[in-house]
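Undergrad: Note that the protein sequences, when read in sequence, are chains A, B and C. The opening residue of the first sequence carries number 19 in our numbering; numbering runs sequentially from there. The opening residue of the second sequence carries number 25 in our numbering; numbering runs sequentially from there. The opening residue of the third sequence carries number 19 in our numbering; numbering runs sequentially from there.
Honestly, the hints are just simulated from the structure, not real lab data. Owing to the predicted nature of the structure, the values given are computational and were not obtained by experimental measurement. Every residue, glycine too, gets a C-beta built ideally from N, C-alpha and C. Take the hints with a grain of salt, since some may be wrong.
Claimed, not checked - What the simulated footprint calls covered on chain B by chain A, stretch by stretch (three residues with Cβ under 8 Å from a Cβ of chain A suffice, anywhere in the stretch; the number is not a length):
(1) 109 to 117
(2) 162 to 169
(3) 181 to 195
(4) 207 to 217
(5) 268 to 277
Claimed, not checked - Residues of chain B placed beyond 12 Å of chain A at every Cβ, according to the derived structure:
(6) GLN30
(7) ASN134
(8) PHE174
(9) ARG287
(10) ASN304
Claimed, not checked - These stretches of chain A come out as covered by chain C in the derived footprint (C-beta under 8 Å, 3 or more residues):
(11) 183 to 191
(12) 289 to 302
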Amino acid sequence: MGYLIAIVILCGINIVAALGVAILTGYTGLFTIGHAGFMALGGYMSAIMVKELNVPYPLALLIGGAFAGICSFIIGYPAFRSRLRGDYFAIATLGFSEAIRLLLNNTRGLGQSLQDSTSSFGQGASSLLIKLGGAFGYMNLPNVTNVWVVVVTVALAMFFAHMYVTSQYGKNSIAISQDEVAAEMMGVNLLKTKLISLFISAFYAGVAGGLLGFYFAYLSPSLFTITKSSDLLAAVVFGGIQSLIGPFITAFVLIGVPELLRTFAEWRLIIYGFLFVIVMIFRPQGLLGYVEMNFSFLGRWWNAIFRRKHTPSQKG
Amino acid sequence: MELFIQQLVSGISIGAIYSLLAVGYALVYSVYNFTNWAFDAFMAFGAFIAFTSISSLFLPFWAAGAISIVLTIILAVSAEKLAYSPLRARKAPRLFMMISAMGVNLAIVNIINLIYGGTFRKFPVDALQPIFIGNVSIGRTDLVAGGISFVVLALLWAFLYRTRWGLGVRASSIDILTASLMGINNNGVAIVVFTLTGILSSVAGIFYGIKYAVYPMMGMVTIKAMIASIVGGLGSLPAAIVGSMILGILETMVSGYISSTYRDLFSFLFLIVILLFFPNGLMGKSVEEKL
Amino acid sequence: MSEEILSIKNLTVDFGGVRAVNDVSLSLRKGEFIGLIGPNGAGKTTIFNLITNAFQPTSGEIIFKGQSILGKSPDQICRLGISRTFQNIRLFPQMTAYENVELGLHSTPRYSLAEAFIRTPRAARIEAETRKRAHELLEMVNLSQHANARASSLPYGLQRRLELARAMATSPELLLLDEPAAGMNEDECKELVQLIRQIHNTMGYTMIMIEHHMNVVMDLCRDSLIYVLNLGSLLAVGSPAEIQNNPDVIRAYLGERKNGRDNAHA
Chain A
19 MGYLIAIVIL CGINIVAALG VAILTGYTGL FTIGHAGFMA LGGYMSAIMV
69 KELNVPYPLA LLIGGAFAGI CSFIIGYPAF RSRLRGDYFA IATLGFSEAI
119 RLLLNNTRGL GQSLQDSTSS FGQGASSLLI KLGGAFGYMN LPNVTNVWVV
169 VVTVALAMFF AHMYVTSQYG KNSIAISQDE VAAEMMGVNL LKTKLISLFI
219 SAFYAGVAGG LLGFYFAYLS PSLFTITKSS DLLAAVVFGG IQSLIGPFIT
269 AFVLIGVPEL LRTFAEWRLI IYGFLFVIVM IFRPQGLLGY VEMNFSFLGR
319 WWNAIFRRKH TPSQKG
Chain B
25 MELFIQQLVS GISIGAIYSL LAVGYALVYS VYNFTNWAFD AFMAFGAFIA
75 FTSISSLFLP FWAAGAISIV LTIILAVSAE KLAYSPLRAR KAPRLFMMIS
125 AMGVNLAIVN IINLIYGGTF RKFPVDALQP IFIGNVSIGR TDLVAGGISF
175 VVLALLWAFL YRTRWGLGVR ASSIDILTAS LMGINNNGVA IVVFTLTGIL
225 SSVAGIFYGI KYAVYPMMGM VTIKAMIASI VGGLGSLPAA IVGSMILGIL
275 ETMVSGYISS TYRDLFSFLF LIVILLFFPN GLMGKSVEEK L
Chain C
19 MSEEILSIKN LTVDFGGVRA VNDVSLSLRK GEFIGLIGPN GAGKTTIFNL
69 ITNAFQPTSG EIIFKGQSIL GKSPDQICRL GISRTFQNIR LFPQMTAYEN
119 VELGLHSTPR YSLAEAFIRT PRAARIEAET RKRAHELLEM VNLSQHANAR
169 ASSLPYGLQR RLELARAMAT SPELLLLDEP AAGMNEDECK ELVQLIRQIH
219 NTMGYTMIMI EHHMNVVMDL CRDSLIYVLN LGSLLAVGSP AEIQNNPDVI
269 RAYLGERKNG RDNAHA
């Protein structure tokens, strides 16, 4: 039972992060392979808040999310402003998350080099950096993430994601993902709309990072590798473009099933890789692409199976 | 001063390896307008084939290199046939092309990881003694790696600008549709482009393996090549080489004078600065979309 | 005489050695409807792209409602009141017809981001108004029964009308139509002429229309001016009758054909 609960918790945390990727990649059409970096930023920030500054845990999660969101502008602003499309941004996300991981790996060394600093700020920064533990990890965090916290967070995350993607802001993002030039000509502010999507997306990842740290009771840079980013991307690719319920289900399956079948672990990424290609060739919209959360697809399935409603043939 | 010259030579050599990767990346980008994320997998594949040929089959270096190049070409062309061309055929959005390429990358890198494990291996060639000019020691490996990389780039240039097939590739990079209407065989161009990709990634993989180590994730270095081609200007071959040289030299200077720990961090900050102040790269042209 | 709304002065643009638009000036009064014609490659669409700042002119000025719009981004220009359709249709393919029109209405969101997350009564009311207006616009272009069809699944002619509705949704004062009748047969053209005339009369837009179907142009511009562009320069301006009898215009069109034949032989 304890084992199953552990899986539910891990799935829930990854669902929150995957929803973030869904908003960015699925709805706004921006390819990210660096969301692990935002998870790391949010995780470490909320851990520092709780452990060093005694900020209450829920508030710390929000601060972590907001921190990740603000940091995302470091890559978002230059990449979106240089009006060339997707590729710059995708490369920047990968570089950014690797840079974050490198920095976190070396916090001890950085801290030690600042030890001789005379200013009180330098001293404080030095001791904090040493506490973060570099590659060894940031240890002894309070173990406060439990299954209820995760369930509530997932429910809230799903609710707010739904509100966002069905709002005028979300619909503008969808238009950008379909034809950026036309969207701009019709009056959509590309930079602003993309930055909002990115902020929300990084916020989600940051909160997920915080949940993760307070579940494992430690954080280390090795939790936030490109493998983590690939897992999140996989959830969205398989779950479906422009869908929240799809990535929700696939995140559950992709995290849950491998946890249950440990021996499968080595093969997991290989299979994901082949599936990426197969899905793109045969079902690019993913499992539940373009399916909104109102479950109207159940009705359509019902019609398709039981009523055999004749669909008029397409013209043109 | 000695340190400076040593770093400069080392920087040019690493810049040459980046050039191979950046050119391969820019080649696919300029013709097909998408980022070939599988490039780093091709590179690791090429390095591991050469590694295995030498360490398990005891082949000489040149034979190992030849086998590696041939097999990497086959891999690259198969990836094109199986994963990219079906998407192009139905005009899939670029996002889908990138995801497909990412899939090829994940599959190959993790198959290598499954077979060899994630450890770092030394490339099985005898270390060449450095040459001393006065007090300056210059790595002979650097000279060989840099030299061969430049030869490969020169051959590539000759191919693109002195042969009919090269002309077909260049025409397709300007406008692939018009090129095909003018009688250029699109399938032929695709095979040529991915053959070149295979050669470039294999050579880069071998020399990168000799200079550092052979390991499944070694292809992560292609992010440097991508940064280099953005610095130069996306989609242009000479710009990719210039960007690679600048990045290689600056990086080696940072690791020589500051610390190698911050080398990668520096590259990334450099990318952000370039994006902020030269959104089209140092030599790139602004790309206009046809309405 | 009503006030001048758009004034283009000495507009020139070079594309790598090719002068696509050469020293073009034109001005439009509020509510006016003009036609822009010319052989292929004359620079007609380029002028639209310059007005909406898809790219920057080499020199010249574009003044809209008394202010220069050079250097403003396309979305800013749209908010100022210029909207357009595209020669190669650019709808949002996976969105429904209704959603395409709706986008034009909310491309500048009308409630705050916070309201988006908690959907206040005010936001809900705005959403309801937007919905109502989108359906009105679909009604206006006779697409109501296709509201829930995916844009890419609509027949060509309907896609053109949908683009028109989407452009109208941004509440423009100046509407640029780029070959609205392209690919339509005689009957469809007649319907379109009626539709455009009706829109022009009821909505009070100032309009510029690029069109190759001469019947459509002559019909819609019967009380106004036609501008003829050739090789990037303004060749003639006048009423339909004047244009039809202008020897320069006839030569430009015939010349194009002659050159075309020469090229084919070369």
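Undergrad: Taking the hints in turn, state whether each one holds.
TA: Tested hints:
1. Coverage of the segment 109 to 117 of chain B by chain A holds. Counting CB-CB distances below 8 Å, 4 residues qualify, and the rule asks for three or more.
2. With a cut-off of 8 Å between beta carbons, the segment 162 to 169 of chain B has 0 residues touching chain A; three or more are needed, and the interface restraint is violated.
3. Beta-carbon proximity to chain A at under 8 Å applies to 0 residues in the segment 181 to 195 of chain B; the threshold of 3 is not reached and the given coverage is violated.
4. Here the segment 207 to 217 of chain B counts 0 residues with a CB under 8 Å from a CB of chain A, which misses the bar of 3, and the coverage is violated.
5. For the segment 268 to 277 of chain B, the stated coverage by chain A is not satisfied: 0 residues place a CB nearer than 8 Å to a CB of that chain, which falls below the threshold of 3.
6. Interface exclusion of B:GLN30 from chain A stands, the closest Cβ pair being 24 Å apart, more than 12 Å.
7. Some Cβ of chain A comes within 12 Å of the Cβ of B:ASN134; the nearest lies about 4 Å off, and the non-interface call is violated.
8. Annotated as non-interface, B:PHE174 keeps its C-beta farther than 12 Å from every C-beta of chain A; the closest such distance is 26 Å.
9. Separation of B:ARG287 from chain A is inadequate, the least Cβ-Cβ distance of about 9 Å not exceeding the 12 Å criterion.
10. Listed as outside the interface, B:ASN304 is inconsistent with that label: its C-beta sits roughly 7 Å from the nearest C-beta of chain A, within the 12 Å cut-off.
11. Remark: the segment 183 to 191 of chain A is confirmed as covered by chain C, as 6 of its residues place a Cβ nearer than 8 Å to a Cβ of that chain, reaching the required three.
12. With 0 residues having a beta carbon nearer than 8 Å to a beta carbon of chain C, the segment 289 to 302 of chain A misses the requirement of three or more and the stated coverage is violated.
Consistency with the previously given hints fails for numbers 2, 3, 4, 5, 7, 9, 10 and 12, ordered from lowest to highest.
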